[in-house]
Structure formats: C-alpha cells, structure tokens
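Spelled out, the chains give:
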Amino acid sequence: MRYAYFPGCKIAHHLPAHGMSVEAVCDRLGIGLERTEFACCGYPVRHESQDASVYSALRGLAQAQSMGLDLMTPCKCCFGNFQHASHQVSQDENLKLRMKNLLDEERLPFPETVRVRHLLQVLDDSLDTVSKAVTRPLRNLRLACHYGCHALRPAAVTHFDDPLAPTVFERVAAATGAVPLPWELRLECCGYPLRGRDESISDLLMAKKLSGAAASGADVLATACTYCQLQFGRGGGIPSVLFPQLLGLALGLSPEALGLAPDAPWLGRLEKE
Amino acid sequence: MKTYDVMVIGSGFAGMAASLFAAKRGLSVVQAGGTGGIDFSTGFIDLMAVHPVAEQRVWEDPFAALAALRKDLPLHPYAHVADDEIGAALEEFTAFLGNNGLCYTGRPGRNTLALTSAGTVKPTYLLPCSAWGGVEALEAKAPTLLVDFHGLKGISARQIAEVRADWPGLRTARVRFPGMGGELYPEHMAWSMADQARRTELAEAVRPLLGNARFVGFPAIFGMTDTMAVVGHMEELLGRRVFEIPTLPPSIAGPRLRAAFDRGLPALGVRTYTQKLVSAAEVSGEMFHFTAGSGSTAVRIAARGAVLAGGRFFGKGLKADRHAVREAVFDLPVRQPEKREDWHRAEFFDPRGHEINQAGLETDAALRPLGADGQPFHPRLHAAGAILAHQDWMRMKCGAGLAIATACKAVRELSQNL
Amino acid sequence: MDFFSAGLGLACLSFVLGLAWRVHGRPGSRLPAAPEQDRRKSGLAAGLADIILLRRTLRSGKVRWAGHMLLILGFLPLLVLHAMDGIVTRPLFSGYEPTLEPWQSARNILGLAALAGLALLAWHRGRRLLPLSRFQDWALPGLLASILLTGFLLEAAKMASPADFERMVADYFPEADSEEFLALQALWARENGVRFERFLPTAPEILEHGRELHEDRCAGCHAPTATAFASRALADALPARIVLPRTVPPIFWHLHVGLSFLALALLPWGKFLHPLASSANLVARGGRRDSGFPATALGRNLALEACTRCGQCSLHCSVAPSRRVLGNADILPMDKLADLRSWLDRSLDDARLTDLVEGSHVCTECLRCTQVCPAGIDLQDLWMSSKAALSEEGRAGVDGEFRKRTAGEWALDLGSRRLGGVGSSGTGLADRAESFWGCVQCTTCTGVCPVVAVSTDPQRDLDLTPQQIMNYLRMGLKAQTLGARMVWSCTTCYKCQEHCPQGVPVADILYELRQLGARTLRHKGKP
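Protein chains in written order, with our numbering: chain A, 1 to 273; chain B, 274 to 691; chain C, 692 to 1218.
These are calculated hints, taken from the structure and not from any lab test.
Given the structure is predicted, the values throughout are model-derived calculations rather than measurements.
Built from N, CA and C at the ideal position, the CB exists for glycine as well.
What you were told as hints is all true, and nothing was included just to trick you.
Each pair of labels, with its calculated beta carbon distance range:
#1 C:L1168 to B:H562: 41 to 49 Å
#2 B:A553 to A:G68: 30 to 38 Å
#3 B:D646 to A:E106: 57 to 65 Å
#4 A:K100 to C:G1099: 41 to 49 Å
#5 A:D27 to C:V779: 51 to 59 Å
In isolation and in its complexed conformation, chain A is listed as follows:
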C-alpha cells in the first residue's frame, strides 16, 4: 500500500521524532510513503477564514489525487481539517465554485476520489501484518491511549471511529503486546488549540488529562497526533509517548531510530530482549 505522505507543518521543527518514527515504522511494515511538497492543511487558519482553510485542504487533496494515491497523515488535526473541507464543499455550492476556481488557477484537479487516512486507520486496516511484524512485544507496558478530538469528532464529518465508544486506538495498541487501560478522560481534549490564545485554560486541560492518565495506573500516555504530543510533552507526571515510537520498539527498532531518549525510565518496563 502506498500513500501520499502528509506529515503536517509541526513535525519538521517542533517534533521531528514523530516524522522519524512514522517513517521508520512504515518502512518496516512495507507501507510506502510518497513525498511531495505539500502546503499547510489549513487547520490553524480556520479560525480566521473558512475559504483559506478549505482551499488549503483541498489543494493538498488535489495534489494527492494527481499522484494517484490516498493521503495518509499522522496528525489528527490535519486529518480532521481535510474531512471538514470535503464536508463543507459538499454543503455549499458557492464555496465549491470558489475553490474550483482557485484550484484551476494552479492547474490542480478538484479532488473527488482521494481518501484521507490517519496512521491509526492504516495500521488498523492491516492489523495482521502489524501483529506478525512485532518481534518484541511490549508486554509489561500499560498504556493510557489518548484519542484527542479532531479525528474523532464530529463523527458525521470525520468518519474516524465511534465518537462516544471508539476502539481503534486500543485495538492497534494491543497488537504491539502492550496493555491499553480504560480511563475516563480518554476522549477529552488535550488543550493544545488554546496555546497562544488562552494559556491558563490550556494548562488546566492538559493537567486534567495527565492526572487522569496517571490515575489509571498506566506507565505511559500514548498519543497519535503531533499537537497532542506537543501538549503533553510539556507536562509533568506520566510520560507521554507517540504511538509510532511504541510500535517501532515493538517492531524491534532502536530507541534512537525512533527519536526516543534511550535512557527514558519507562523503557525499563519493557522486557529485556
């Protein structure tokens, strides 16, 4: 399976380990990643302009369609905005026309056939392959899987999983041999969207999630979105780890190849090889 790979703006400078681990894991699993120069998905600018946000997203989709591939992203905000844009143009003929004109000027097709997938969905699609490729099951590692918001809701637009009772993250996490634990706040927002806007509320939301995850007894809070990881990476208490990094360890890759500090305390929970 090959995908047009959409890392999103925040990986290059702010979280290069995410890009590293996604690419390493996909390489090991035989998931082909085609790269091209994408622009921003349009999620951040949605606060200021619907047209800018929708156009940014459709442009990315158009590029993927021109490559003849579905689009895969490891960031849930990117995923969500692509879905929102598609939904909005289906609801508003005037918007659709404006977008078509903008795309025409760049000689890009209006995206009709391209699908957007989040990394978790891609892994879920081929769970058998993942399980078979695991060489070092993360047996003692208890996870609090954090779903975050923008892929999950509103489900009528994002079509990611059941919005009130999702299971995809735990299912994929269990394939690594780790133990996903139930915890009440797993579907709550990490608070990153309020960074630079309302820092105090962002801090409160982050703290709530971290303490909830810690109270569940998990060793690690698992994230599957660049923004969520940036948020939890600030906090204290329970360590927050990107799921591609966890999966990479289970696939036998070294912590360094995945952007992990080899002396992270929680690594000690894993069975020695």
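Following the hints, put chains B and C in place on chain A, whose structure we already have.
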C-alpha cells in the same frame, strides 16, 4: 462487508438492552443511534405503577398492576411479555449496569416512592443505589438535611421541603459548591467530585449545618462513574447517610447510563455507530441493508435481523409534521388518531393524557411491527421500547421497564429465527 | 578636487555611514533576549563552503546558481583587478597597463560572464518571481548591468575615438612628423579600430612603417585592441561614416565611473548589501539548515540584513494558499521579513503592522523557508521570536484583539454595525434559522464542554456558555456573542456538536463567529 445477526436501531434504553441481550446470547450485534432520549433520563427504572391513568391510581405491586393492565388494555405491549421474562430482563440489565460502575437497587415485587427535584414523589421500581438513602429517609420521615447549591438550577431544597409539608423533619440549606462559582452545571460538578479534596471541602461546608439530621440529601452530582464510592466517602466524611436526588433533565443520570453502555457494550463485541441515525433501509428476503449517517460519512450495514428501537419523537424514531406521524426508518404504518384535531385533548394536564402519546407501532405477539396488510412487515424485524403503540409510558410510569422487557422479548423471538 | 576623488570620497562616505546605520544594534533589542550560545567552530568550514560554492543557492535552483556564479566570477575579479588596479594590480604585476594582455581579454571575458549571469538572473526573476518583485529587485541587476555595459561602451569608444589617438600621440610621440603620424594612423585605423575623419591609406609599405613605429612607441603599453574582443566588436559595429566627437569617451567614462561610485554608495541599502551581509550570515550559521532558536542578538542582526530578496522562501511557503485567499503579502516570508525589519526600526505604519501581525499568526512555523533560504537566514527563529515580541506589545492577532475589550464593549461597538453574514459565502450556519430549530436549551453542550468544566465561574471567565450563545444567535444577535470569551477560548474539541441531541452544529457555529470576528477586524475602518 460483514453481515451481522442483529441490527439494533436506537441507542436508548430499548436499544441498549437489545444490544446487551443479543450479545449475551452470542449473536453478532451492530448498533446505530443518537443521544436523543437517554440524556434526559432521570435514572429511575420504572416498571409499572399507574393504572388506570385517568384515575391516577398508583400501585404498590407492579406485577399486580401488570395483571390489571393486561386485562384492561390487552393491546398494551406488556401483554406480550410474561412476568418472569420481565423480571429476568431487569435483572440482567441492572447486573450489566452494576458491572459497569452503575449500581441499581429496589424491592423485588414492590414499587418504591422516590423523591424528585420538585419535591413530589414518583413511584418507580429500580433506583440508582445513590438515591436509595432518600427512599429510606422519606419512608421513615427521618430528620434530614437537604442541601442545594448557589447557582445550580434544576433543584431547590426549599421547594422540596415546602411541597413535603408532611415531612417536618426536613431541613434545608444552601451552600457554595467548592471550586465553582456563578452558574453551575451538574456534569461539571459531578466530574469535580472525583477529586477527594473537593469532597472534603464540601463536607467541611456542610458539617456545621448537620444538626440532628440522620440523612443528608444532595442534588445528583456524586461523580460520573463509581458513584457509590463517592457517596461512601461522603458518608464517611459526614458521618451520616448520604443520598442523591436527580436534578431536572438533563441531569447526569443520562450521561452516567451512556458512559456505562459505552464502556460495556463494545467490550461484549457490539459494533457501535454512535450519533449515526439510520437514514435508509432496504429489505430483501434474507437480508436487511441499512444506511446509517448521511453524506460522505454514511455507512452501509448488512444484517439478518433487526430490532427497531428508535424511540419516539425526541429519539427520532417517529417523525411528526403538522399532519401525520411517520416511522423514520421503514415508513411502517403508525397507529395514530384519525384526525389531526384528535391528537391532543383540550387541556394539557388532562389526566387521561393525549391520544398522540399512544401513537406508535402495532405489533404481533412476537413484537414484530405490522405492515399495511396487518401482517408482520418482515419475519425478522422486531420493535421494542417507546416506539410501540398503546402505551403512555410517562403517565403509566412504565418507560424503562417496558423498553428493557420488550427488548428482551424481541431479541429472544428474533434469535429463534436466525 | 576632480570628479574621481570627489565621487570616490562621497561614495565611500555613504558606504561607511550607511553600513553603520544598517548594522547598529537596533533589531536585536526588541526581540526576546536569547542567551549567548557557544560558537560552533566546526561550522566555519561549512559556512565558507556555503559562500564559495553557493551550496544553498544550488539547492534552490540551478539557474539561479549558474547566474550567481557567472556574475560573481565575472564581477569580483573586475572589481579587484580592474577597478582597484591602482592599489592591487599595479603593485603586484610590474609593467602592468590595463591596455596590455592578459588584462584586456580578461576584462572582456569577465565582463561578458558577468553580463551572462545577470541575464540569467533577470530571466529567472521575470519568469518565476514577477509578483514578488519590487523596484530594488530590478535596480540592483540593472545598476550592475549598466556598469558593465558602460564599461564596454567606454572601452569601445576609446578604441574608436580619434581624439584619444591624437592625445596619446601628443603625450608619447610628440616628435612625430606628418608622415609618421599618417602611418601610425593608418595602422591604428586598420588594426585597432580607430575611426578617423579622413580616409586613410592602406598601402602595405605605409602600414609596415606604422607597425614599426607602433612597436617602438606604443606596443609597450598597448596590446592589439582585438584582444578586447567584445569592445572591439562594439567599436567595429559603428556605422561606417560615424566619427566619435571628442566628448563621447569622457561621457562614457563619467557614466562608468559614476555608476560604479553609485553602486558603492548604495551598497548599504536594501538588498544591495546582500553580497556582504548574506556572506556574513552564512558564516555565522556554519552550515546549519535547521533553526537555532533562540538565536543570539548578533545572529538575529545578521539574519535580518542577509535577505537577498530571491523569493525562494515565498515560493515554497506552506501558507501560500492562505495568502492567495486573504491577499496579505506579509503572509509570505520575504515581504514579512522586510516589514519585520521596518517594525523593529519603528518605521512601520499601522496598516502594514496589521498585515505583519496577521502574517505572523498565519505562519505555521513549518521550517521550510529556513531550510530553503539560500542566504542561510534562520527565519524560523525570527518568526518565533517576533511572534512573541509582537504579542508583548499588544499585537497578538485576532484573538488578542478581541480579548482586549469586554464582551459588553464589543456588543456595543459591533451592535451598531452591519456585520454581514457569517461564513465566507455569507450564508453560514449561524445566520440560518434551521440551525437552531432543534435547540431546546437543554444545556447538554455546556455540560460536556471541557472549557466550562475547568472554569470555576463560567460567567466570569467565559461571559456566555455554549447554549447561551446558541440562544442569542437564534434571535439573530450576533454582535452580542462575538466578544464573549467562550467564543475565543473554545478548544474546538467538538464535544458540544457531537453530544447535541438535536443536531445543532454548535462547534461549527463557534468557528463561524471567530471567522466573522477576524473579517470584522480586517475591514475595520475600511469601507
């Protein structure tokens, strides 16, 4: 595309019960529905309490009431479900809730009068354990302190005390909720009660007011999950029995039930499509094909059998325009008053209720909804819950019990045909 | 004082003063302070390689690299060995005369190379960078080209000028009699392209005589002018009957020298400084292509001056689509950098400052412009530090503007204006009655909102809760809601919309309100 044994249409009491019973019987279950009705639940599980509605006669023995009901109203859906099945269904349902953090209790074979936030009492069969202390206090007319909070709408301790003039031992107090000011919302208060420090603060605020009270009643805010642990801690801190009174809907009873279902049903293997309403259905001899949701995110579901438990108007199982009532998924014939003018009686509070409240789907003895020809629409389509005709669940006080019982029967009948 | 000394003096003065003004420490002081970092000695070689090989330029395009290489390889030697021949070439090479070989052919080759380089760069700018180009982007290559062209023209004019010939004979062969003079003339007319008024003989013996005299008196300083092949071609291209008046060579000389002084004088201004400034920055960056955020004040100063206005950053910018929709040039790095510099200089007007702030906030800090910049500017560091600096000065974007006043104040202000519809089509959800038909004010949206949950007093912290906002909107009272904190502190988690039992698109509507707020601010004061 996977073909399921049972498609459950609806995520309210009937839908959840149907999913539970079907999954427990080893059937593959898929469920779609929205949070229409259940978020407005009081949390009480009514079985049968008032009959005849016009006389507002309240029964202490729900099964005796059922017997009378079946005799007087042979078309009522309860006529199709036997007492022992009803009892077993309720047991299984509450056991499931108990396993998922929501404890229920009651007196077998007896209705209980429970306190409401308006100060009235309503007869019900099973209550959340966190409300049981209120029953005991009420019955014993024990010295009790009722506490409410500045800024919390939907409950007034003073009003309760005034309405219950027959309970002289009832005192009231209003305190500040620790850590929150201005307008309060029960769900947020409940989440904050998960914090031990908050509970201690609350106890500190209430302790000086206790006096000789043996019971302390609060609005229902004691946690969203594992309420009994929170109540237990409060009892420890106050040294008194503590109980909850549900606030006006939407109270947190609904979200508590939802959370229990969301935890427990996927664990039983039920495939859930929450917040997706079934928008279309195609029927062939062997198979149902449903479309849930709409637009680009619609899903196609194939199932061999189906339980239609979409609820009434708020649940979107029935749709009314100004002229007629339609059933939302299959467009089944809906029993309704012949003329529009007959929907409602002249007085809103007419004790007989209104004809429109008894509209709904008519079924055979196996709870299969009837088609235009008076025969079951499909051998493997069943209906359960408030969508059924010939029942007035609000006035009869039979809502949740009816939903659970008919769901159980529907699943049992359906499973025999799969 | 003659033209040359005066011109050189003024040009040098302008250069020194301008440079001093340009690099005096103003920018760094307004950006958040960064601690001193250790100098990366190992990066020096990489930095030098970046300069000498123009490695970063090569990465951004072969045409630009080739154009620059030709220009630099042509122009620098001309600058050092020709313009500064008095202090460089003459002391180093005994017997140097500019009219000797290899200097003549060298000058021509180098001049042509430089012109070819400029042609490539101009062609590239015309094809790819036209919308981004301003006056100075054409002025620099234009000025350089005119220096080179006037140089060729000057050399050609001197070759063809009879007056120059007469002057040279008067200086170096005053005793020539008329026959010798004629012979020399004939030779020079024939072989070196001089255009005399009168017709000159071409008989072999006269030419031979001339050649002897030339060998004796001229050749010590003059190689055949044909070695200056380009200028010679120009001289030969003069139409047959034209004889250059004596004033022409001096005109070209003044032009050539004057333009050169002009270039020197203008060197500190705008992008004219980039040969020096970008080189300095490349050394400072030591080959790094990621960001060194937070950078030192010195690093930032160099970075701010090093922009060559090549436009590569803007061509690859991740938020270029937003620029197309919103029309703000400051969304793209090249113009944003220029306005940032002006802001740091406190010379940016308010309208442009608004553009700069919007550009600052639309930027997603994706690092691409930094990776692409041929001058090695750490743009990422500038964007991140300037965003913070702008916020410190009260310019924190749309969100920050709305938080400056209370909801009530905004309601009063906006209530008297025509706000227009929400959504870009003006027919968004918040303006449509159908969106609210289902709302029964059940407060479920408020009950699930995590922002309300962490507030200890929603009225105080958020002004209005979600269901209250829905209530206002279904009465058409947008202005009353736009300033509410809830709108701006919504964390976009969509729980409200997901849980609403009646399908009211609460979160989408809150987005529309923010978009309307942004649009309202953008048009504030404009008709």
